[in-house]
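Colleague: Sequence:
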Amino acid sequence: MSNLLFHPSLIPGDIRASCILKGLREKKNSYYILATVVGLQGINSTEFSEEERDDIKKSLIFILKTSGGVISARASISISDYISSEDAFTMFKLLDHPDDTTKHNILCWLIRAMEDKGPDAFISMVRSSCMPEDVQEEAIEKLHEYLRQKEAGEYNLFTMPLYVNIPNLREYCKDH
Numbered sequence: 043m044s045n046l047l048f049h050p051s052l053i054p055g056d057i058r059a060s061c062i063l064k065g066l067r068e069k070k071n072s073y074y075i076l077a078t079v080v081g082l083q084g085i086n087s088t089e090f091s092e093e094e095r096d097d098i099k100k101s102l103i104f105i106l107k108t109s110g111g112v113i114s115a116r117a118s119i120s121i122s123d124y125i126s127s128e129d130a131f132t133m134f135k136l137l138d139h140p141d142d143t144t145k146h147n148i149l150c151w152l153i154r155a156m157e158d159k160g161p162d163a164f165i166s167m168v169r170s171s172c173m174p175e176d177v178q179e180e181a182i183e184k185l186h187e188y189l190r191q192k193e194a195g196e197y198n199l200f201t202m203p204l205y206v207n208i209p210n211l212r213e214y215c216k217d218h
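Convert by adding 42 to the 1-based position in the sequence shown; the result is the number in my numbering.
There may be inaccurate statements among the hints.
Under the rule of at most 16 angstroms between Cα atoms (straight-line distance), these lysine to aspartate or glutamate pairs were calculated in the EDC-like manner [to be verified]:
#, residue 1, residue 2
1, 100, 68
2, 159, 128
3, 64, 96
4, 192, 157
5, 100, 129
6, 99, 138
7, 107, 138
Simulated restraints on C-beta separations [unchecked claim]:
#, residue 1, residue 2, range
8, 84, 218, 22 to 30 angstroms
9, 56, 177, 38 to 46 angstroms
10, 189, 55, 22 to 30 angstroms
11, 84, 64, 40 to 48 angstroms
No wet-lab data here; the hints were simulated from the structure.
Each residue gets a CB set at the ideal place from its N, CA and C atoms; glycine is no exception.
Just need the whole structure built from these sequences, with the hints factored in.
Modeller: Below, the structure is given as structure tokens:
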């Protein structure tokens, strides 16, 4: 089953969304969640209906709130195809995630999503997110670093997400 979830284009179209949602909501075998989260990265999100996209988005947000490690790191990449700048406040509240890669990827998305609104809008949302003060300061500092490097024409890590290695089932089971 996990092999199909890693490659959802192999699942017949008429049941693909329901299989993906089942994988994202799996309670007993978290490797299915990982496989589904990774599989979403290789599929065009526009093939789903608006309702299916919304259900996937809600499931990914739940995963980000409740998971860590490779699952949350990969979910923080997959979610970018299912959210818009209207979801920025929800994503700001996830910036205090304990996993550094997840936090980086969320911040990357937020900086890009909020760029058109300007730094004041970003800072205002950070301040109203109820995150700990140190997390707020770090987010604002990273925004200023991004803007400075962009203006100078320098390469910046906040233009791309970080990927973590996907363990095979045997490796994953040893750790979980």
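Colleague: Flag every earlier hint the structure violates by its number, smallest first.
Modeller: Of the numbered hints given earlier, those the structure breaks are 6, 10, 11, listed in rising order.
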